[in-house]
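Chain A is already provided as a structure; the job is to place chain B on it using the hints.
Protein chains in written order, with our numbering: chain A, 1 to 353; chain B, 1001 to 1568.
Hints are computed from structural coordinates only; laboratory data are not their basis. Any given hint could be a false lead.
From the structure, some residues in chain A lie toward chain B, with a derived Cβ separation under 10 Å [stated by the list, open to error]: (1) F19; (2) P146; (3) F156; (4) L157; (5) Y165; (6) F169; (7) P173; (8) F210; (9) T214; (10) T218; (11) V273; (12) I317; (13) A328; (14) I337.
Far from chain A by the CB rule (all over 12 Å, computed), these chain B residues [claimed, not checked]: (15) A1138; (16) L1161; (17) F1166; (18) G1390.
Listing some non-contacts, in silico: residues in chain A with all C-beta distances to chain B over 12 Å [stated by the list, open to error]: (19) R106; (20) I177; (21) L197; (22) I235.
The beta-carbon is built from N, C-alpha and C at its ideal position, and this holds for glycine as well.
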Amino acid sequence: MRQRWFQKLSLVDLLLWAFRAGVLLLVIWGTIGTLSAGTYSGETWIDLVVFGLSQGSVYALIALGYTMVYGILRMINFAHGEVFMSGAYTAYFVADALARAGHLNRNPILSLLLILAVSMVTSTAVALLLERIAYRPLRRAPRLVPLIAAIGASFFLQYAFRGLYGSGFKAYPEAEILKGKWTIAGIEILRTQAVVLVASVLMMLGLYIFVMRTKMGTAMRAVSEDMEVAALMGINVDRVIVITFGVGAAMAGAAGMLYALVFKQVHFFMGFVPGIKAFTAAVLGGIGNIPGAMLGGLFLGVVESVGPILFLDGLGIVAPYQLKDVIAFTMLVMVLIFRPSGILGERLVVKKA
Amino acid sequence: MSTDPRLWGGTIRTGLVWGGVAVFLALVGMVEAFAGRQIVAGVISLGRSLLLLTGLAAGYQAAQRSAGGGPMLILSRAGLAGAVAGALLSALVLVGSALDLRQVLVNASPGLFSLLSFGQGVAGAYLTVLAAMAAGAAGGVASLLAARARGPLVTGLAGVLALGLFQELLDPVLRRSIVGSAIRGLLFADNGLSLPGAFATFLLAGGMSALWTDRKAAARRWLLTLPASRRLGLRLLALGLGVSVLLLLPLAAGPFLSTVLVLVGLYTLMGLGLNLEVGLAGLLDLGFVAFFAIGAYTAGLLTSTGDLAIANLSFWGAVPVAVVVSLIAGVILGVPVLGIRGDYLAIATLGFGEITRLLFLSDFLRPWLGGSQGVLGIPKPTIGGLELKGPEHLFYVTLVSSALVAYIAIRLRDSRLGRAWMALREDEDVAEAMGINLVNVKLLAYGLGAAFAGVSGAIFAVLVGSVFPHSFQLLISINVLALIIVGGIGSMPGVVVGSLFLVGLPELLREFAEFRFLVYGAALVLMMQLRPEGLWPAAAISRELHAADEMVRSREATRLTDAPPTDG
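So here's chain B without its partners, still in its complex pose:
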């Protein structure tokens, strides 16, 4: 096996592919932009970790592909793959030092090359290869480890990465209390984790993960032996804990984190709405931002104290109107596209979304909608004389409306209407044959989905205090689509998970914001290939997508059971 030359060719190709990924990450600007954020102070930055990860991945994949060979062979293959990847990077350094690439590739800066060659310039190019080889070999070692050891190792490293990333955010929170300050002193340096802190985090996270894998089954058994009333009590306790953490969050987090949380909430609201259309009813809508915009404009115009004011309602009076207006808009835009299916529907709704934005932007409707200047002077909502001005206060508004909308969404999903939607998603013709009124069911999906987006838009209007057409780009529709797909299409908890990952994370990591759509795009493509059911899948979708695998599996199973010769 070790003499099979094709395998070595495969190893080199693996190395080249991952090297290409590393070169791309470097040239697109990620490596240098992330180099400023230290994970472990003075040891490794996020930018370097990114390169390290490509090396690890190259080694791991090469090792996986030569599984069955001896450990020495596997390690050498992994090292070779890493070295090839590193060679590509050092080639980039050499070319970049000889030619001025910056005329074309804006990120091919001296800073990047010095980062890649460990500050040594051309002379350090071999260091890149060596480092990548080491990373590749480490990836190979990881693939040799038993799964029992690999799990805790990965969790430990992920813990270090997460704490290092969020150091800047945790810092002000920890400083507030004495205990927090003590923890801060233990774990963090001025910039990133301290070296002992990193070790402690690694051990803690890894140990907890090991304990959990060890004890998971036992814990579950223990839970099952409890009487039903105790189990309910435990569940309520967990729920209560979760709710109180959520309620106290903005107090601990401060205004910046609260704004991020509000944004996550707004996207959750939109995601729940789009989930009705795409996830349950299978109607792919790329113009969803239009309803968000309509909700925002309605609330803005109704409450505004500026020139375009039409009613001077309070926020609480305006929200129901915004919801109703969005609902009607959803139905009206739904009528023409009733007969369109599949990808044509996606393009048609995209057309509607763009038309809406262009109309909001145009000078033609300026006297009513404010054109490119939008609607200004939207006051903050008040409750009994208390003005909800900061994002900390608006967080509660978002939280309550998200909870309410999620409740409605879950009830809808489990209702007769929800089942009709799912039937529609599976097969329109069969659904119609089963007596489902396609027109009503589809219009309800559009209308209710739009109404959820309307709530989100109304809150957005008061959060920002003004409404501009530029806030309603197609990118928002894509954002929402991406988050429900990453979270798990058709799944309600998935929407929250998706918006935490896709909206929360990029807001928290400022360097990340620039690469947000790059990562979204890649996430959508990868998600479709590796895990089309999402991070937190809905049971039905997961079953459907893996139906083919299961069929193969059951066929294999029958073959196995049939295999022993039977008498007669």
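With the rest of the complex left out, here is chain A:
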């Protein structure tokens, strides 16, 4: 028995194990190095974790769109990051107008809700157009065809918005009410981060209830289970797909507005990196799995925020924050290689690939 196991271990497996062990070793070594040096206080760590959670909740909101669409169509909506960007970028103009008219500080809550609504509506509209024009005709095509179309759509949207709104960074206005910090349970939290965290958790709860409790949500789950059988049961599959795209995009639109609150600027290229990271989050949590996407987003956010200092500083790497994205991408690659079904994975990927 033992010998057969040994024979089965090929050179490739050996290399993969070496890769896994190498990354693990680097992480442990770096962590020990950083912690033993003790340069960073407990407060710094807490700040980093809170920042990571608020950013992670934005990733989680975007990841929902990936995960829902994948659950139903088995396709990676590569242009989802651009759906996110379109909402944030369009809402900027509303935010700017409100700020100039003084409404943003006079009626902050109403203004913020209006901005949020514009962002969500724009994203939804873009995603519905995308589905109708680019994806629907390709539903029966070989697998790579829709992916390539999605890559094309992603670039088309980026440069369309660049042409429409201009190519510069735009500074997002700040509401007075969101400046400063709140102290919650002895921890000081930036107000924006607290708002982002609470808002996205509320959104996710709402979505979860929608998917689990409503008739439409049940239809969605049925379609993702088996499209043909769902159609036989009298479910209008086209409508379910459109609504899935719409709901995912509304979440991305909300995420866009929250992201802009935290980073205070928008740009036509802003969707790319968060899009990839949200995809990472979706894969981390097991693609097609809604609570998984939420957990994956939060986890990725925290790792990305704490990671550069925790893992890399201890290795004596200069300017570890430059390598923040390397950590995220490495996580993406590692998950895809070693556990494509994700942390909460329930689906097997090979069957569908």
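Just chain B now, kept in the frame of chain A:
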């Protein structure tokens, strides 16, 4: 049929869709940016032609959809569709004049509105509708014409468009010789084609096209009656002509055109490499730029005379090293992704590509790779004391390496390995069951593809004279992917066609460069829907993608043959 109200609704919708396209083109900035380039001097600019084309398309489509009605009905439908499209544009003019849209939409400038309303402002809004109606009706007329007449018409107009577009480029070339100057005087005004020149071009191109459609079959028959040796001779002659044109091209073209040609060559090299992975083996790689970067950095570091120099090799010594290093990098990055398939593979390779770029960019590796400043002071290659300094000289390097790589690629495609790749593309599990060693075959695809990109990177390093991480964005991977898909996935000539269209054209038309990725994106989406096999398809892929149609067709055919009642 003419009373069917739904059809009129469809016509209006066609008009609205194309009107929306026109408004989008205007707001995204294309119309105004292209307005500076005259096609026919003083008559029409590229920007206006763009709008005209949307009107024509609206009319043509509306006419096609009401096929079967009388010509008057078809024409009125086409005109209506055009007018609806024009109405959207004039609505844009009205809104834009009343409100200041520029706060939000940067291209909604007075210049654009004056262009749309023929310089008349709000008062000219009806002109837009009229012009669009005329364009729509013209589209309707085109749809009524027999295909025999439509072909030459379209070719003639395309000829005018092409000559008008490239006037600026042809100008210096034509000026060099007496014959060229004479042609120039005949056809061109200072800016774009002259009116008689446009007519002459139209007649010539259209006439040639008509002649060709007429004579194609006869010419082919004549070719077939020739003895085999004569046919071979003709083929060699054509080949020789093609090669000598290519060899003389940079001499006639000058440095700017040569740089463009070198870029086309570099992308052809990368395209041939990616074609092995995506086209033959079906492994979608979005991190391909990493190998281009690795080739460029290796060649740069080995030949550089700057601070980061490690070897001071000559270019010719560095290229093989760069190729080997890229090959090894391809295999190393290939190992972890061996088990991943389909779209997950695309994302994983994208992750690797981004990691590579971020590492090149980071301060952490700065002492070795130069961080954001990159590697400087890369000398030009020399042959026996002659320095290949200009792009005209580097063109030959690119040409020779492209030819060599294309030869290798074709031999690979037709080899046992190539067939294994194609089996892999069709079905991994079946391929494995047939005894193909998946690990070796996949790693060879990654390694060889990466090696081709390495050659390209090494030439790029000497062309630019320095290597920066910013030259290796994800956009390059997308570029290469787009060009092999537009050219025809899996097809070798398609790679050349694709890089001519997607790399050459945007470089030549400066106004176009800004909209390059917009057009690429649209091209990818449209290509996937209309012609997923590409412009110059490989036979196998085309067959596969149209397998469904063929099945339907053969079923229909059997039904037809079965249709007559048989005895017994």
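Here is what the structure says about each hint:
1. Interface restraint check: F19 of chain A against chain B, minimum CB-CB distance 6 Å, threshold 10 Å, status holds.
2. For the restraint placing P146 of chain A at the interface with chain B, the shortest Cβ-Cβ distance is roughly 7 Å, inside the 10 Å limit, so the hint holds.
3. Evaluation of the F156 of chain A hint against chain B yields a held restraint, the C-beta minimum of about 3 Å falling below 10 Å.
4. Against a cut-off of 10 Å between C-beta atoms, the interface hint on L157 of chain A holds, since the closest Cβ of chain B lies about 7 Å away.
5. Annotation: Y165 of chain A was flagged as interfacial toward chain B, and the flag holds, the nearest CB pair being 6 Å apart, inside 10 Å.
6. Checking F169 of chain A against chain B: minimum C-beta separation of about 14 Å lies over 10 Å; hint violated.
7. A cut of 10 Å between beta carbons decides the hint on P173 of chain A: the least distance to chain B is about 14 Å, and the hint is violated.
8. Checking F210 of chain A against chain B: minimum C-beta separation of about 27 Å lies over 10 Å; hint violated.
9. Look at T214 of chain A: its Cβ only gets to about 30 Å from chain B, farther than 10 Å, so that hint breaks.
10. For the restraint placing T218 of chain A at the interface with chain B, the shortest Cβ-Cβ distance is roughly 28 Å, beyond the 10 Å limit, so the hint is violated.
11. With its C-beta approaching chain B no nearer than about 9 Å, V273 of chain A sits inside the 10 Å limit, and its interface hint holds.
12. Proximity of I317 of chain A to chain B holds as hinted, the smallest CB-CB distance being about 5 Å (cut-off 10 Å).
13. Residue-level restraint check for A328 of chain A holds (minimum Cβ-Cβ distance to chain B is 9 Å; threshold 10 Å).
14. Because the closest C-beta pair between I337 of chain A and chain B is about 5 Å apart, less than 10 Å, the hint holds.
15. Distance to chain A confirms A1138 of chain B as a non-interface residue, since its nearest Cβ pair spans about 26 Å, more than 12 Å.
16. Residue-level check passed: L1161 of chain B sits 22 Å from the nearest beta carbon of chain A, beyond 12 Å.
17. Residue placement check: F1166 of chain B keeps its beta carbon more than 12 Å from all beta carbons of chain A (closest about 24 Å).
18. The non-interface label for G1390 of chain B is consistent with chain A: the shortest C-beta to C-beta separation is roughly 33 Å, beyond 12 Å.
19. Consistency note on R106 of chain A: stated as away from chain B, and its beta-carbon is indeed over 12 Å from all of that chain's, at 21 Å minimum.
20. Every C-beta of chain B lies more than 12 Å from that of I177 of chain A, the closest at about 25 Å, which supports listing it as non-interface.
21. For L197 of chain A, the non-interface assignment is confirmed: its Cβ lies about 27 Å from the closest Cβ of chain B, beyond the 12 Å cut-off.
22. For I235 of chain A, the non-interface assignment is confirmed: its Cβ lies about 25 Å from the closest Cβ of chain B, beyond the 12 Å cut-off.
Hint violations for this structure: numbers 6, 7, 8, 9, 10, all remaining hints satisfied.
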